[in-house]
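Protein chains: 4
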Amino acid sequence: MIRVGILGATGYTALELIKLLLRHPEVEITVATSRQEGNPHIAAVHPSLAGRLDLRLEDLGPVAVASRAQCIFSCLPHCASATVAPQLLAAGARVIDFSADYRLDDAETYATWYNEKHPDAERLGKVVYGLPELFGEQIPDAQLVANPGCYPTSAILALAPFLKQGLVDPSTLIIDAKSGVSGAGRTPKLTTLYPECNESVSAYSVGRHRHTPEIEQILGRATGQKVNIIFTPHLMPMDRGILSTIYASPTRELQENELLPVLREFYQDEPFVRIVEHLPASKDVSGTNFCDITARLVRGKLVLISCVDNLIKGASGAAVQNFNLMYGFPETTALY
Amino acid sequence: MIRVGILGATGYTALELIKLLLRHPEVEITVATSRQEGNPHIAAVHPSLAGRLDLRLEDLGPVAVASRAQCIFSCLPHCASATVAPQLLAAGARVIDFSADYRLDDAETYATWYNEKHPDAERLGKVVYGLPELFGEQIPDAQLVANPGCYPTSAILALAPFLKQGLVDPSTLIIDAKSGVSGAGRTPKLTTLYPECNESVSAYSVGRHRHTPEIEQILGRATGQKVNIIFTPHLMPMDRGILSTIYASPTRELQENELLPVLREFYQDEPFVRIVEHLPASKDVSGTNFCDITARLVRGKLVLISCVDNLIKGASGAAVQNFNLMYGFPETTALY
Amino acid sequence: MIRVGILGATGYTALELIKLLLRHPEVEITVATSRQEGNPHIAAVHPSLAGRLDLRLEDLGPVAVASRAQCIFSCLPHCASATVAPQLLAAGARVIDFSADYRLDDAETYATWYNEKHPDAERLGKVVYGLPELFGEQIPDAQLVANPGCYPTSAILALAPFLKQGLVDPSTLIIDAKSGVSGAGRTPKLTTLYPECNESVSAYSVGRHRHTPEIEQILGRATGQKVNIIFTPHLMPMDRGILSTIYASPTRELQENELLPVLREFYQDEPFVRIVEHLPASKDVSGTNFCDITARLVRGKLVLISCVDNLIKGASGAAVQNFNLMYGFPETTALY
Amino acid sequence: MIRVGILGATGYTALELIKLLLRHPEVEITVATSRQEGNPHIAAVHPSLAGRLDLRLEDLGPVAVASRAQCIFSCLPHCASATVAPQLLAAGARVIDFSADYRLDDAETYATWYNEKHPDAERLGKVVYGLPELFGEQIPDAQLVANPGCYPTSAILALAPFLKQGLVDPSTLIIDAKSGVSGAGRTPKLTTLYPECNESVSAYSVGRHRHTPEIEQILGRATGQKVNIIFTPHLMPMDRGILSTIYASPTRELQENELLPVLREFYQDEPFVRIVEHLPASKDVSGTNFCDITARLVRGKLVLISCVDNLIKGASGAAVQNFNLMYGFPETTALY
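Protein chains in written order, with numbering that gives the first Met the number 0: chain A, 0 to 335; chain B, 0 to 335; chain C, 0 to 335; chain D, 0 to 335.
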């Protein structure tokens, strides 16, 4: 039984994480933190957990948390996460970080896109990126895992096989991604108020979304190529789900029937990537840790469609998958 | 051409009001206020008004506003509205107040339900309630009109005909109402964040909603009976629309075929109340100033279904209807 | 390992059932039927099952199905289910029936509300109603279980404790229920087309919904009283979830603080009924087998709020719960 | 007063058309057709029209319709429309055709994409395409107007100014479009059933959508260039609205501040195209005849965002705009 702790347990990813961990036969949630006053019961913050988990949220520092848990899932915002992670690691805990703090290769890129000096810069470039389908070998021994972003998961999984085989030009990639609103977090904001985003679709952060360098660097790391993307995220009127439509120029003339075999071969041993012939809907993977991918050739161009549940495979499910690999449990435990 | 002003122009009812007024051939919007800094252009706050209205929101006091407009629509919150209304009236403006401040009969009830000392208590009990279908004769000469609440509009219009004829027991009324989220306003709150209320329905303020005394007092005023209701509002995952399902015990045995005639006769000259045979959906009246009502007899009990668009007939459409009556324009101007 | 079969596997309840059964360590799904031509793969009908279950839908008769499975979940429509159930039982299979065919006490009531002659009338009145919280003792030995309706589950669980204690008048009950659209099934119809029911709420089948006699008879069976209800179902713009708002007249003056204890005591040993202090939202139980209930006293009247996921506790979760009891597995297996 | 008729009046575009025409001071709707039996009242088919229009739907042939109306709006499906249009025109009526039948240049392309022999092939290539912003001069004298498709409207309006100035390479265009479900029509289908498309986003008809040749040919007609697009439509969980995100390679290095001026100059006299600096949401134009467009430069590539209400500017609003031009009314009549 592994004792686990959760930092920043009031948001949507933390809620999904707890629901998954409650199904895990080898996990005991021993501590959860929040800065909310009065140590509220977890069920006061997440009514759906009533009767499921008897735990109060506490405003604790990293040392106290590490004394109560072996593995810490940090759902803190960027910058906050990398401020406490060193202390958690120093105290002997293993850390799965949901923030973007340890996903990038270097502090300069971080500063450029996050407008912050990185609090733990020397560790950058050495942290395992927790996408088991690409970096699975590095995860079992990791003390610290950077849990992937939701958009990057859907985009990287679709593109990596083609890039690795040199079948697409890495300088031409267009990722048009559509996400449910839960991806924007649980802090009340005008932009995610119900009547603002219901019955509406809009692009946001065009050319400036922070997942841009993550996708580029990780695809580079995985495939050894310099990757350049145009990434356009959109907000959809739905709770959860991401569908990425990806356009890439082939490096040679491709036939449509070559496409799915490339994907199938790459992911043949992966339990959570499904290569499908039909055009997948984000609902097909809703509530699951699956990534469904298909490919089409349209007028000579490669069109990839990839979808995940942003809260599961795009966050908490991936975290549990990483946890399973870190502790030697079957990869699908609590995820099927 | 009537010069009109709008106080508190950043919310959803103000937006709908402006859209309606832009269709009104006899209206010029000359001033709109907000406490937002920097006098933002109205289209910066409401992008759907781009190119439609060239106006900046100003942080102005009542005297300044009254100097620029003949008729003021106040979309201020309760208490704030009754603080400025006396000055607007004193300056010679006519006022249509969207808040609850002038809807109730007395300051005691106001204090009980709104937890505030009424800022203009002596006027209570003398203000016209702007439901033209019941108080239409009083509106043309009114200086100040209390624009009805959204839930009250749907409930009162359905019940008044039966109460007035003494066909239902006024002590037994149950109003189970369902509303879209725009009714909760445009201020970011956790409860109206998209992922909180999407894919969910919940009751709120059970037994304590502030529209309770409004429905009771206005039905009393209109029908001369002491009315007692159980009112249960619910939040629905939709932008706009209210559907009230109302249960009442008849005072004598009724036949189902008596029901619609009672309603039809009562509203025969009203352009915005539609008595329908089918079970109306809130969508049937979405974007319109209509109230659709039907009636059924279920095991001896009267069941009324009544729906309005909370932002139109439940707020801004009613305000324009009142405006038309106040200024002698055809009642349906800008509303059909 | 129990071999189970599913009749009528193309709908939403069958899909949810399969997802739950795939988590059950003691279940093997060996057969699933449909009248679709060409024996389509289950994943062609339910894309979310891709890679999860390698099974084709077959157009099989009851004898063939019973030869391959020990326990049959029938998701057939009413009348169809009671046509095949006798043969399944005769062949030695145990049957959990999702249809309404075996829920009522007598064939006359069935004929009145379902407009059909009951195909297996002599069995009526002797079949266990599969609501474990009320009839749990009868389930372990049952060959045939009538799986409860979705609306009845939410209503009966809230009302039974008060009726059993004689605290409410059984002749005055009003059940105003709100359901997501999945409750209307997967057959394309104008009324459940997306643009018809999105952004809309409407009542339907007012006074004529078929769950009316089910609620009355089962509450009667459970509490020994003659129960009379007014039941008004509403269609909400959401996939899943039912919230029932219930109004009942007490038989004596009640205090609000008496209410929750009545519920808590009644359900103290039940793993899937949560008595909560807050007003529950249907989302709190979405995707779960929980029924969340609270109670309020409003102007002397009892107001109960009860919610379930119509596809889980209102259908497939309840079926698995019944299955667990029938085969001696822990009640919560595959449901937590 | 122009007498107008509507063919195929049961769908969503016909409903929106009627609502707009009811606001038009110079229009009388004299006839509406449908193949539904029994000549249902229009309000039985569209409950939102109760009390607004007293008309029955009739199953009439083109000659009968032309005898009662001067201008016919055909909301018939493709192929059906071009079957009756010749007779309507021969009878002296003017026709605004909502179908795709007269939008393409040639019968071969029609046969390829619509799998039908064109019923009125000789007229192809000579019919005015009713996009007033590009072909406004041809509309006043037209007997027959091909009303544009919804996706084409959003895409063509955004791209035409840049193509016409030779600023983008016409062989590189990617149009990633997102549409509400009403675009799929009102005929019940599994794919547009509420629980199928709610809480989900999916691409459909990738590389094979019939609006592909329409966009290419019309952009070619308007700009004199051979245009080649990759068009990927997506279904969004919302009623109405289209947002197109368009990617194009510039023919020379562009600066971001050059982009909006190109659009503004092109549309400076157009009442229904709004060039905006912010990223528009589909909701900004919902219920209106506006097309909101903005432009960004992302890593050297032009990214255009364009949105319309698919039922208004993408269908019925455009039709009324065409009608206004055909009959010499102010272009914005009934549309502001």
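Calculated from the structure, these hints are not laboratory results. The model shown is predicted, which means the values in this text are computed figures rather than measured ones. The reader is advised that the hints may include incorrect statements.
Same chains, same label: a pair holds when it works inside one copy or across any pair of copies.
[Stated by the list, open to error] Subject to a maximum C-alpha distance of 30 Å in a straight line, what follows is the list of computed DSS-like cross-link-like pairs (lysine-lysine): (1) Lys188 - Lys125; (2) Lys116 - Lys163; (3) Lys163 - Lys188; (4) Lys225 - Lys300; (5) Lys225 - Lys188; (6) Lys125 - Lys300; (7) Lys125 - Lys163; (8) Lys116 - Lys225; (9) Lys225 - Lys163; (10) Lys300 - Lys163.
Verification of the hints:
{"no.": "1", "hint": "Lys188 - Lys125", "verdict": "neither (35 Å within a copy, 40 Å between copies)"}
{"no.": "2", "hint": "Lys116 - Lys163", "verdict": "neither (33 Å within a copy, 46 Å between copies)"}
{"no.": "3", "hint": "Lys163 - Lys188", "verdict": "neither (40 Å within a copy, 41 Å between copies)"}
{"no.": "4", "hint": "Lys225 - Lys300", "verdict": "both (20 Å within a copy, 18 Å between copies)"}
{"no.": "5", "hint": "Lys225 - Lys188", "verdict": "neither (36 Å within a copy, 43 Å between copies)"}
{"no.": "6", "hint": "Lys125 - Lys300", "verdict": "neither (35 Å within a copy, 33 Å between copies)"}
{"no.": "7", "hint": "Lys125 - Lys163", "verdict": "within (22 Å within a copy, 50 Å between copies)"}
{"no.": "8", "hint": "Lys116 - Lys225", "verdict": "within (25 Å within a copy, 50 Å between copies)"}
{"no.": "9", "hint": "Lys225 - Lys163", "verdict": "within (12 Å within a copy, 35 Å between copies)"}
{"no.": "10", "hint": "Lys300 - Lys163", "verdict": "both (17 Å within a copy, 25 Å between copies)"}
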